[in-house]
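Given chain A, put chain B in place with the hints provided.
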Amino acid sequence: MKMESRTRLQTWLPLIVLVVLVLLVGLYDRTFFSAGNMLEVTADTMTLFLMASGVTLVIMIGGIDLSVQAVASMTSCILAVYLPRFGIFAIPLAVIGGVIAGFAGGYVSTRLRIPSFIATLAVSGVVLSAGNWFSETKSVVIPGELSQTYLTWAVGDFLGVPNEIWVGVAFLLVLSAVLGLTPFGRLVRGIGAQERAVMASGIDVDRIKIAAYTLSGTMAGVAGIVMAARLGSGSPTLANEFLLPAIACIVVGGTAITGGVGSIWRTFVGALIVQVVRIGMTFIGVSVFAQQIVFGFILVAAVAVTMDRAKVLVIK
Amino acid sequence: MTTPVLEIRNVSKSFPGVKALDDVSFAINKGEVVGLIGENGAGKSTLLKVLNGIYQPDQGSIFVDGHPVTITSPRHAFDSGIAMVFQEQSVLPTLTVAENIFLGREEEFLRFGLLSKKRMNAAATKELAKVHLSVNPAMRCGDLSFADRQMVEIAKALSLDTRIKGHVTILLDEPTSVLEKREADLLFSIVRDLKSRASFVFISHRLEEVLEISDRVYVLRDGKSVKELESRDATVKDLHQLMVGRQLHHEYYREARQAVPSATTVLEVQSLTKSGSFSNISFALHEGEVLGIAGVIGSGREDLARCLAGHTPFDSGSLKVKGEQVHFSAAYDATAKGVGLVPAERKVEGLVAPFTVAENMTLAALPKFVSGFRIRFADENAVARQWIERLSIKTPSTATMVGSLSGGNQQKVVLAKWRIAGVNILILDHPTRGIDVGAKEDVYELIRDMTAEGLAVILLGDTLEEVIGLSNRVLVMRDGEVTATFEAAPGNKPAQVDLVSHMV
Chain A
729 MKMESRTRLQ TWLPLIVLVV LVLLVGLYDR TFFSAGNMLE VTADTMTLFL MASGVTLVIM
789 IGGIDLSVQA VASMTSCILA VYLPRFGIFA IPLAVIGGVI AGFAGGYVST RLRIPSFIAT
849 LAVSGVVLSA GNWFSETKSV VIPGELSQTY LTWAVGDFLG VPNEIWVGVA FLLVLSAVLG
909 LTPFGRLVRG IGAQERAVMA SGIDVDRIKI AAYTLSGTMA GVAGIVMAAR LGSGSPTLAN
969 EFLLPAIACI VVGGTAITGG VGSIWRTFVG ALIVQVVRIG MTFIGVSVFA QQIVFGFILV
1029 AAVAVTMDRA KVLVIK
Chain B
234 MTTPVLEIRN VSKSFPGVKA LDDVSFAINK GEVVGLIGEN GAGKSTLLKV LNGIYQPDQG
294 SIFVDGHPVT ITSPRHAFDS GIAMVFQEQS VLPTLTVAEN IFLGREEEFL RFGLLSKKRM
354 NAAATKELAK VHLSVNPAMR CGDLSFADRQ MVEIAKALSL DTRIKGHVTI LLDEPTSVLE
414 KREADLLFSI VRDLKSRASF VFISHRLEEV LEISDRVYVL RDGKSVKELE SRDATVKDLH
474 QLMVGRQLHH EYYREARQAV PSATTVLEVQ SLTKSGSFSN ISFALHEGEV LGIAGVIGSG
534 REDLARCLAG HTPFDSGSLK VKGEQVHFSA AYDATAKGVG LVPAERKVEG LVAPFTVAEN
594 MTLAALPKFV SGFRIRFADE NAVARQWIER LSIKTPSTAT MVGSLSGGNQ QKVVLAKWRI
654 AGVNILILDH PTRGIDVGAK EDVYELIRDM TAEGLAVILL GDTLEEVIGL SNRVLVMRDG
714 EVTATFEAAP GNKPAQVDLV SHMV
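If you're matching them up, the sequences are chains A and B in order.
Mapping of the first sequence onto my numbering: position 290 corresponds to residue 1018, and the numbering continues sequentially without gaps.
Mapping of the second sequence onto my numbering: position 144 corresponds to residue 377, and the numbering continues sequentially without gaps.
Looking at chain A on its own, in the form it has when it is part of the complex (with noise of 0.2 Å):
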């Protein structure tokens, strides 16, 4: 049953190097284990993989989203601009950028045929032109007051717990719910694994796809949001970075960059893998540019042993 236990490897694997990384960096630093930094740690970790979850389902149906951390700035523009004259109503909006911008993606890679790297790439530059036209090339500051009226529900604490937390689990929970038990999650497995198939089953898959573009646009969308929040200020740079880190941490997790495997909470672990190695590297105190080393190293560990390349052949 080598197979089986390959199989059960795969599926437990970043589970077990996280707890092993927290244990690590925690025998080195005894106060890393403190109730007060693991949350903050975890709460760290939120923008980042709301940024992820969303591009969780795009590579799912075997495409990616190069758009994300253009859409993510651009909504922390519209949210930091907006703020001071609609009030609340510019979360919605923030939020509506996000779904126009993925849905963009989705439709010029779909409808057009092209290849959606290209796709999400050329929103990415529309996008970030608009996150400029938005802030008119500047960082926006949120004005204290308004945070406080508008947006403590992404910054403040409930029963001592971070709310980026309860943000990031509530969104773990019903995008997970999404994959797993809605007809539209079964499909975007079956498109990543074999598309043709469902296709030729009467399925309109251009409308799956178009829709896991969507969300993805408005996951990093909302992601944007949550980012200005905590850094009081919205900028067409702000997420700058955060593409890399994000599909890191998808693959991390073990979702199969070559699609129909993956779910939405080994992004989460993925995320916080990411996280955790960075904090913990500089709390070690290793270098800066050291750190892109191993960081190097742990991503092409966990793309080896979660893809199952003995049936992939080829590798483009």
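There's no promise every hint is true.
To be verified - Interface residues of chain B toward chain A, partial, derived using beta-carbon atoms under 8 Å:
| hint | residue |
| --- | --- |
| 1 | Thr568 |
| 2 | Gly571 |
| 3 | Val581 |
| 4 | Leu584 |
| 5 | Glu592 |
| 6 | Ala597 |
FYI, nobody ran anything at the bench for these hints, they're computed from the structure.
Built from N, CA and C at the ideal position, the CB exists for glycine as well.
Chain B only, in chain A's frame:
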């Protein structure tokens, strides 16, 4: 006694839960053509993969020219004089014919480190002459017809004999399954020509062909070699019996159960045309009818079937389902009108291999199993269990990955999918391709069940015999046009030769 060129002794190979090969011995002599037959799952593919170095046997040994060898990879097999022609083509469509033939052997054509295309093409022309294929070796393989690509594949395998000093053995895995009779005959004459230079192992589900071409036949059943017999002493019926281990059903195509179609027209096709594929096709399909379409490759029948199922568009003409004018822009339009297609490429278009049996069965009818946003898993499983029982699908459970089932059981899952979707018109494109005799009979039985319930079936059969045996009516196509229509009432079936005269 002469030493066999290739011999395996007492080879066993197990996979989790299955003994794929159980103490199999097998030998092939110089210049011999040996047939290898057995139902799906009997161990043929495993045996080939052992010979080709893809699998290592658990026990037993392999001998080439009497010397024990361990074959570690397909490349190693090739260097040891064993070449394989795959059932699923392995020619690369973007490379030229010559580049395909000499793939991995480019060093033979290097001049100062650069590849001499001229020399390579010249050498390829020689190889192509062996298979009587007169195409330009500089042509891209993707521009060739399917049958020609098959020939290129065979030429590639045969090119081994110019390279290896010893005798070569060529493994032909179902080489004729996609060839029409004429092309298959050509292949056989080539095999006979080459017997002086090579030995062949020939695997096919078409038993007549196996008897025609082979000197000896090995019959595998459940991983064991149950019989070795001389072709001249055997009949197709003998082989059938040895393969299934039981008496062949005396009424193979269930003609007695052939339904009398009702007068109700479910599908009306008028002057349907798709340029480059078929033109001016008109026919009516009735409730309970099996309408066969016969034709060689290039007759346009496969394209016609795909158009009727909405997979590809047509240029002009009209399509009416139950009297209603329809326009299919994609497969989902066709399924919405109750038209389903059981595709020839089962693993690509028929099934999602990593999905479970239940998930595949409900794929075309998913909305039926949804309340609110949620899939009703219990209902889904219950329906899947019903169909597993009804179609006697051999699967450990509804949660088994469909990819791990045998071809015949997979095909039954595809059929169950369309039955659950409740289609009225089912287009069967080679429904018995690559499935074993026992499963074929089950599929025939299922076709009769469906028509008894009023479904209408369009059948593109694997063999002419199958089309005639199962259909109420047969349309014969040639070069994209219908050249004849035959009534095929039970007991009054047209002869194959009559159809063939309109096909070619």
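To see whether the hints hold, each was checked on the structure:
Because the closest C-beta pair between threonine 568(B) and chain A is about 3 Å apart, less than 8 Å, the hint holds. Because the smallest distance between the Cβ of glycine 571(B) and any Cβ of chain A comes to about 10 Å, over 8 Å, the interface hint for this residue is violated. With a least beta-carbon distance of about 5 Å to chain A, the hint placing valine 581(B) at the interface is held under the 8 Å criterion. With 8 Å as the threshold, the beta carbon of leucine 584(B) comes within range of chain A, its nearest partner Cβ sitting at about 6 Å, so the hint holds.
Look at glutamate 592(B): its Cβ gets to within about 7 Å of chain A, closer than 8 Å, so that hint holds up. For alanine 597(B), the shortest C-beta to C-beta distance to chain A is roughly 4 Å, which falls under 8 Å, so the interface hint holds.
In summary, the structure is inconsistent with hint 2 from the numbered list given earlier, while agreeing with all the others.
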